[in-house]
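Enquirer: All chains should be built: construct the whole structure from the sequences, respecting the hints.
Those protein sequence lines, which keep their order, are chains Y and R. The first sequence begins at 1 in my numbering and counts up by one. The second sequence begins at 1 in my numbering and counts up by one.
I should point out that these hints are in silico values taken from the structure, not numbers from a laboratory. All clues stand as given, with none of them false.
Partial list, derived from the structure: chain Y residues whose beta carbon lies under 8 angstroms from chain R:
hint: 1; residue: E143
hint: 2; residue: Y194
hint: 3; residue: C202
For glycine and all other residues, C-beta sits at the position ideal for the given N, C-alpha and C.
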Amino acid sequence: MVDRLLGRPRDRETVPADPSPGVDPRDAVWARVQLARNPRRPHTLELVSHITDAFVELHGDRLFGDDGAMVGGPARIDGRRVMIVGHQKGADTDENIRRNFGMSKPEGFRKAIRLFELAERLGLPVVTFVDTPGAYPGAEAEERGVADAIARSIGAMTRLRVPIITLITGEGGSGGALAIAAGDVVVALENAVYAVISPEGCASILWRTTEKAPDAALAMRMSAQDQAELGVVDRVVPEPGEGAHVDAAETGRRLRAVILEELDKLAALSPDELVAKRGGRYRVFGAFDDLGINEPGPGGAERPGLADRLRRALEPMGKSVGDALGGRTGREARDARNTLDGRDPRESRDAREAREGRDGRDEPPAREEV
Amino acid sequence: MPLTLPFRPRRETYPPDMWTKCPSCSEMLFNKHLEKNLRVCGTCGHHFRISAKARLDQLLDAGSFRERDEGLASRDPLGFVDSKPYADRLVAAQLATGRRDAASWGFGAIGGRRVAICALDFGFMGGSMGSVVGEKVTRAAEGAFVERVALIVVSASGGARMQEGTLALMQLVKTIGALERLRAAGLPYISVLADPTTGGVFASFAALGDVNVAEPKALIGFAGARVSAGTIAEELPPGFQRSEFLFSHGFVDRIVTRADLRDELALLLALLGPAGATDATTGSVRRG
Ligand SMILES: [Zn+2]
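Expert: Below, the structure is given as structure tokens:
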């Protein structure tokens, strides 16, 4: 009951092993981050030109303005009509200034919502292209409600009654990426990355220096392969040669084949089934034990759950204090807690309140941008 | 109506120093008075952060809270290690707070009206949302759905928990999905935003209340102010990312002091709650 899990391992394609086996895994993941950010990497509109037979870009959120960092519009792929929505980075400095380096503002997310809803009304499947360092973190974005826009975009995706295919083509940067990434199926290019916060941001908070960004990238398991292991990504698509930047056309062909295949699979589902299945895909994410209720009877030694086994397989630091609480049955865990704590949980709660009363210190908020 | 005050248990001896300095006005506050005042500075009105337990005690009718899923504990799915292992950080937070993670949810009553409620606890790893917080918010929404009652979530969180990586990010979709189902069922959701509510918590369930209620001067925003001020060369407007800033830009319905919060929620529930429930609140008009 306990095992509410992560990943359903899905049909992952064979992907070449790490570029140079035997190298420091930190260097390997950092190389992926660099490839994902390579300015010559094909961005959304370039990929769309290779993938689609026809595409008309639509502009504006009908509320405030048009965001060059988010593009979209109706398209045709092999005779099938779809709606494209994607982040857009620039190919050079001038374009990047216009595209805001692929960092959407609220109007970008609201344009995405507008296109999602148009697609639903017209019965068009949606294909999203994810490639952003994150949402734009400036004051104007806050003024216009960037958090509200992201939350509503995710909300629109969870209830959309047409298929959604999400392609993570470059940087999957936290909430700004997720805003258009809650698809029925999530596909990543081989050198794409996906994380809850930029490795630099994570390193500056947890290691207190951005120099540790490669360590953060490794710890967060942000490579497409690791994300597939976690079940966050369903399929990883190999890139040509040294990476997508060496052959945009071939990258587009590979993505096009995957899109068509996934469209066929999703076409078999009714709108109700689609929404229910999508809800189920996201409902099960999480890795936790229930140490309180549903505990097995005395002697009912539990087989470790999949998450536990996964964690042990991944766990580099061997036995940690966490094992005292994390991987056992409820009763054992409580005993362990009591031993560690030296008193019952009720007392420790009181003690905390006393402590809060004593110093009354407001700690600086842990700013964990997402 | 009488408020339930979070009295410290009698058997607990007072800590050696009985005073707290207000970080806002520097007044020295006698802890006993501060507690009686719901941990709000009597001089300047500064709202101190409070634990999830204190929050629930303040908001719910005395003795009405029945906690659910108290036993959920994170599994450290990534085996995350920075300067120390996440597993160790979790245990330290568990020992310090007596809680297994940064949220509590259950059913209770406000002014006699049954609600599903979830409160986040900033004292546990900054109230950050990993698998457990996401699951509890989701279960609270599902509990409201099943029992056909209103949902209240009180947020106090720095955002998604980095140590759970994209699984923490997926909690945004999970919680929002549950809220969408609640919305489709015609049940109201009130989001209470306390100091601080930022990052992925704000960009998911906290922003999406049918009614958003904030405590005064709470830090509420998406990107960290440091990020905003640092990477983007831009002067930050006065009061940036505070409740009043959100209010003036149209993202918060009401700014309510802690002393008023319970009555405010009771009235909102009476006006918005599922029809057919008995109306225990007397008439009141709250403007401004
Ligand atoms: Zn004060």
